[in-house]
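All chains should be modelled from the sequences, with the hints used to inform the complete structure.
Chains as they are written, first to last, in our numbering: chain A, 1 to 336; chain B, 1 to 429; chain C, 1 to 234.
Keep in mind the hints are simulated off the structure, nothing from the lab.
Misleading hints may appear alongside valid ones.
No more than 27 Å apart at the CA atoms, straight line, and that leaves these computed lysine-lysine pairs for DSS-like [stated by the list, open to error]:
1) K28(C) / K57(C)
2) K429(B) / K274(B)
3) K311(A) / K238(A)
4) K127(C) / K78(C)
5) K326(A) / K287(A)
6) K429(B) / K326(A)
7) K286(A) / K153(A)
8) K177(B) / K326(A)
9) K57(C) / K78(C)
10) K203(B) / K107(A)
11) K106(A) / K429(B)
12) K241(A) / K213(B)
13) K311(A) / K241(A)
14) K238(A) / K287(A)
15) K311(A) / K326(A)
16) K287(A) / K153(A)
17) K326(A) / K286(A)
18) K311(A) / K203(B)
19) K177(B) / K299(B)
20) K241(A) / K203(B)
21) K395(B) / K372(B)
22) K241(A) / K153(A)
23) K28(C) / K106(A)
24) K332(A) / K177(B)
25) K332(A) / K107(A)
26) K238(A) / K203(B)
27) K311(A) / K177(B)
28) K127(C) / K105(A)
29) K241(A) / K299(B)
30) K127(C) / K332(A)
31) K203(B) / K213(B)
32) K429(B) / K299(B)
33) K332(A) / K311(A)
34) K274(B) / K299(B)
35) K213(B) / K311(A)
36) K177(B) / K213(B)
37) K203(B) / K286(A)
38) K238(A) / K286(A)
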Amino acid sequence: MDLVNALVALANFVLIPATAYGAQLALGALGVTLIYGILRFSNFAHGDTMALGTAFTILLTWGLQGLGISLGPLPTALLALPFAIALTGLVMLATDRSVYRFYRKKKAAPVILVIVSMGVMFVMNGITRFLIGVDEIRFADGERFLINARAFKEATGLEEGLALRSTQVLTVVTAVAVVALLFWFLNNTRTGKSMRAFSDNEDLALLSGINPERVVMYAWLIAGALATTAGVLYGLDKSFKAFTYFQLLLPIFASAIVGGLGSPLGAIAGGFLIAYSEVAFTYAFKKVLTYLLPDGMAPEGLVQLLSTDYKFAVSFAILIIVLLFKPTGLFKGKAV
Amino acid sequence: MRNIALFAAVGLLVAVEGFTGSWNTALGILNMGLISAILALGVNMQWGYAGLFNVGVVGFVALGGLAPVLISTPPVEGAMAAGGWRILLAMIVGIASIGLAIAINRRAAGRLRVLGILAVLIGGFFVYRAIFDPAVAAVEAINPAREGNLGGLGLPVLLAWPVGGLFAAAAAWVIGKTALGLRSDYLAIATLGIGEIIIAVMKNEDWLARGVKNVVNIPRPVPYEVELQADPGFVERAAGFGIDPVTASTVFVKLLYAGLFLAVLLALIWLSEKALNSPWGRMMRAIRDNEVAAEAMGKNVTARHLQIFILGSAVCGMAGAMIVTLDSQLTPGTYNPLRFTFLIWVMVIVGGSGNNWGAVLGGMLIWYLWIKVEPWGNALMDLVTSGMADGSALKAHLQASAAHMRLMTMGIVLLLVLRFAPRGLIPEK
Amino acid sequence: MSYLSAEAMTGGYGAADILHECTIGVDKGEIAVIVGPNGAGKSTAMKAVFGMLNLRKGRVTLGGDDITALSPQDRVAKGMAFVPQTNNVFPTMTVEENLEMGAFLRRDDIRRTMDQVYGLFPILKDKRRQNAGELSGGQRQQVAVGRALMTEPQLLMLDEPTAGVSPIVMDELFDRIIEVARTGISILMVEQNARQALEIADKGYVLVQGRNAYTDTGAALLADPEVRRTFLGG
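This is the structure:
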């Protein structure tokens with residue numbers, strides 16, 4: 001019985017939250033890796049793109065709620081998401097037209113584009129704050145739990161409760177659907193294949209008659225959609241705050257690099273690796289160990305490897321280890 | 001000529017502020033402007049001389065800010081005895097296990113290497129925590145409402161400035177050793193990470209400098225206003241200028257700070273100009289312009305990059321110590337990367353990367369804008385909304401969001417300069 | 001006038017000219033080979049024909065149309081295909097996808113052309129689901145040529161197709177190139193292996209320092225004692 005209790009506690013506090021978080025990171029890292037693959041620079045504005053897309057979603061959600069429209073047990077934000085994606089896409093295209101295209105034509109060095117993306121980050125950050133302010137916003141409505149901790153305890157007779165929030169399930173389901181769609185697009189459509197070709201060998205893609213501007217356009221649209229989806233899922237699961245999204249930049253970049261920049265599969269693996277490590281290193285294992293160890297041997301301390309305040313240190317440490325030993329990442333990205 | 005005019009224009013902006021507003025604010029802007037100029041100088045060394053993209057400036061600034069606390073505040077009684085030495089021992093254990101792991105990594109091979117490194121690191125971590133945790137608890141238990149930290153050495157605060165530089169240099173060495181030599185994006189992301197981590201440490205390690213509980217009343221290198229106001233000689237002289245003693249004392253203190261900062265700034269410019277025009281500086285620029293060719297000529301590019309990365313970071317750390325000295329307090333909660341990393345980058349790019357004078361100008365000018373955009377934004381919003389009905393939600397929203405205008409303004413300034421004047425206001429010679 | 005005719009091309013990448021009054025032509029179904037010592041401007045001449053280099057003087061016509069001002073992409077649409085010397089495949093895409101990308105501009109059914117390519121290079125059919133980056137050097141060269149053929153070009157341009165492959169693979173590749181030429185496609189290629197290349201060439205151009213030094217049929221050049229002594233090592 002103790003073993004089951006321990007497993008339930010582990011699932012409740014580590015596995016389930018980390019899986020949801022991993023899915024969110026993976027979607028974010030996919031956007032970063034896609035832009036890297038096509039435009040060959042690390043987009044520092046990605047965190048703020050997520051924030052902006054989420055801000056659009058929240059505003060639309062409020063609008064829908066004001067009209068009395070809801071999705072029943074599902075959060076209303078899900079209904080607003082497609083419109084927010086369209087809006088974010090427009091912002092991405094406008095940004096590319098007005099900012100990035102100039103440097104692309106000039107064949108500017110990647111580091112210049114990184115600095116340019118920093119300027120875009122500032123502007124997007126400003127727009128987000130302007131639209132929605134700097135406060136923490138919770139916008140999840142609908143059913144809160146699929147499995148309630150108390151109900152679970154009563155049903156199973158276990159000491160430990162297992163809570164499964166609907167946003168966690170929603171995150172994973174949506175992420176799987178989005179990733180499946182993305183991979184189908186990249187592997188089976190003419191445009192998707194041309195994007196992979198462009199990422200693989202830009203010169204040869206040009207020789208084959210692939211239009212670079214079209215590829216870049218699709219890359220921004222997809223990155224915007226991924227960023228908005230990731231941001232909304234994160235916001236539903238936790239809460240929305242513009243600055244938190246800026247801070248997500250580090251774990252997202254770490255996921256993309258650990259997986260191998262430019263490799264979509266790597267971004268997903270990296271996202272989950274970072275998420276599981278972050279949660280596992282900052283979880284206090286006292287409860288789990290108390291169940292597992294014989295009576296009297298239960299640990300006195302919290303058995304927490306790192307305080308949650310240092311969760312960034314976990315992504316950072318993994319990033320450094322990968323940079324030191326395998327700079328191209330686990331899935332062989334492009335960059336050294 | 002143009003450059004002198006540009007500096008004169010910035011001076012004029014500050015003077016206008018003094019005449020139309022108050023000299024107190026004007027000097028406040030000037031003082032932080034001077035520190036910003038030093039920060040920009042540090043970042044410019046890395047970017048302008050060597051093309052290194054450091055996105056962790058905020059971490060080096062924060063680390064430098066630690067120095068005034070550790071150097072100049074009085075020691076906390078009994079803290080060292082209670083746990084200070086044990087914390088130090090824990091640190092040594094930690095560093096020793098990392099060193100041992102590196103040694104194993106170099107010497108051993110195959111499975112032995114991996115297992116050895118893992119064993120040493122995991123074992124080291126547990127020994128470290130076993131010594132560290134109780135020691136920290138002991139230190140933090142000492143008078144937690146006012147102290148609960150190790151305290152400082154009680155030395156003059158000016159000494160903290162170079163020490164702050166040393167702290168930042170040490171962190172830069174670790175980062176540089178790992179991330180230099182890889183492509184530029186990776187250095188950016190590694191520095192972004194170290195910046196976040198340094199701030200997390202400073203917010204959470206209460207034994208070090210009280211974390212978010214802040215350290216206040218850090219000793220000053222200049223007299224206190226109340227002392228001046230109590231000094232009959234000073235009051236008399238102030239009266240001679242026709243100024244009341246309160247204003248006179250605040251302005252006088254700010255002028256003293258300005259003098260100190262200006263001295264540091266000029267010394268740094270003199271040193272970096274000399275360095276830039278020495279064979280070393282020429283080599284740095286040759287490496288920046290063509291890394292491959294420089295490497296082919298037998299220059300150790302990564303080692304040179306490490307040098308300049310450490311130097312630039314040290315300058316940032318020193319500026320961090322100066323900020324804390326100016327404020328007389330360390331408030332880790334205020335270290336925001338947008339303000340202390342990205343804004344500095346705007347300064348360097350706008351001023352002119354690769355040119356020391358450009359960086360200084362950019363630092364002063366952008367700091368001025370950073371301060372002034374907010375009231376301007378409010379005024380603009382008042383103007384825009386003046387026709388709207390009082391109490392309308394849109395009016396309230398627009399007025400409330402004026403405060404966020406400055407981030408957007410800085411972004412637009414950066415993008416415009418990059419696009420239309422990529423070499424900045426004072427281009428590299 | 002030949003099907004492709006590049007006349008008196010003069011130009012280079014920067015201030016200094018690399019090509020001086022260089023003239024190259026190839027007719028339908030012919031194989032033309034450019035040979036010469038290192039640094040003679042062989043690859044540069046090829047790139048000039050393909051529009052990857054700004055010409056100060058001279059003109060290029062294809063089938064009678066002046067294409068001097070067209071970009072490389074537009075020349076592809078006109079029926080020219082170019083196989084670069086290196087980086088000439090999409091490494092993380094399968095062989096079949098590489099071929100599909102070659103036919104990117106075509107909107108008609110590409111199955112037939114693909115079968116032709118597989119007929120020409122049977123090994124590619126076996127490996128069509130493998131990533132091109134995992135193939136051997138010779139197989140990768142076949143993918144590169146196959147990709148170029150997928151556009152159904154009138155003129156196929158190859159930049160040192162046999163660089164870095166073994167002699168057996170080289171002979172094999174040359175045989176395939178002859179086969180391609182027999183279908184009526186013109187071939188223009190730059191070769192280091194001058195002797196073997198001239199053996200299959202209808203036309204040979206020997207370039208020295210960006211100028212035409214000798215121009216004749218392949219067989220005549222091979223027989224010319226002067227050419228043999230200077231460029232073919234006796």
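Consistency of the hints with the structure:
no.: 1; hint: K28(C) / K57(C); result: 25 Å, holds
no.: 2; hint: K429(B) / K274(B); result: 14 Å, holds
no.: 3; hint: K311(A) / K238(A); result: 16 Å, holds
no.: 4; hint: K127(C) / K78(C); result: 30 Å, violated
no.: 5; hint: K326(A) / K287(A); result: 36 Å, violated
no.: 6; hint: K429(B) / K326(A); result: 40 Å, violated
no.: 7; hint: K286(A) / K153(A); result: 20 Å, holds
no.: 8; hint: K177(B) / K326(A); result: 16 Å, holds
no.: 9; hint: K57(C) / K78(C); result: 22 Å, holds
no.: 10; hint: K203(B) / K107(A); result: 42 Å, violated
no.: 11; hint: K106(A) / K429(B); result: 23 Å, holds
no.: 12; hint: K241(A) / K213(B); result: 23 Å, holds
no.: 13; hint: K311(A) / K241(A); result: 18 Å, holds
no.: 14; hint: K238(A) / K287(A); result: 24 Å, holds
no.: 15; hint: K311(A) / K326(A); result: 22 Å, holds
no.: 16; hint: K287(A) / K153(A); result: 16 Å, holds
no.: 17; hint: K326(A) / K286(A); result: 34 Å, violated
no.: 18; hint: K311(A) / K203(B); result: 13 Å, holds
no.: 19; hint: K177(B) / K299(B); result: 17 Å, holds
no.: 20; hint: K241(A) / K203(B); result: 20 Å, holds
no.: 21; hint: K395(B) / K372(B); result: 22 Å, holds
no.: 22; hint: K241(A) / K153(A); result: 34 Å, violated
no.: 23; hint: K28(C) / K106(A); result: 39 Å, violated
no.: 24; hint: K332(A) / K177(B); result: 23 Å, holds
no.: 25; hint: K332(A) / K107(A); result: 25 Å, holds
no.: 26; hint: K238(A) / K203(B); result: 22 Å, holds
no.: 27; hint: K311(A) / K177(B); result: 23 Å, holds
no.: 28; hint: K127(C) / K105(A); result: 37 Å, violated
no.: 29; hint: K241(A) / K299(B); result: 47 Å, violated
no.: 30; hint: K127(C) / K332(A); result: 22 Å, holds
no.: 31; hint: K203(B) / K213(B); result: 8 Å, holds
no.: 32; hint: K429(B) / K299(B); result: 24 Å, holds
no.: 33; hint: K332(A) / K311(A); result: 26 Å, holds
no.: 34; hint: K274(B) / K299(B); result: 21 Å, holds
no.: 35; hint: K213(B) / K311(A); result: 21 Å, holds
no.: 36; hint: K177(B) / K213(B); result: 33 Å, violated
no.: 37; hint: K203(B) / K286(A); result: 25 Å, holds
no.: 38; hint: K238(A) / K286(A); result: 24 Å, holds
Going down the numbered hints, you'll see the structure goes against 4, 5, 6, 10, 17, 22, 23, 28, 29, 36, while the others check out.
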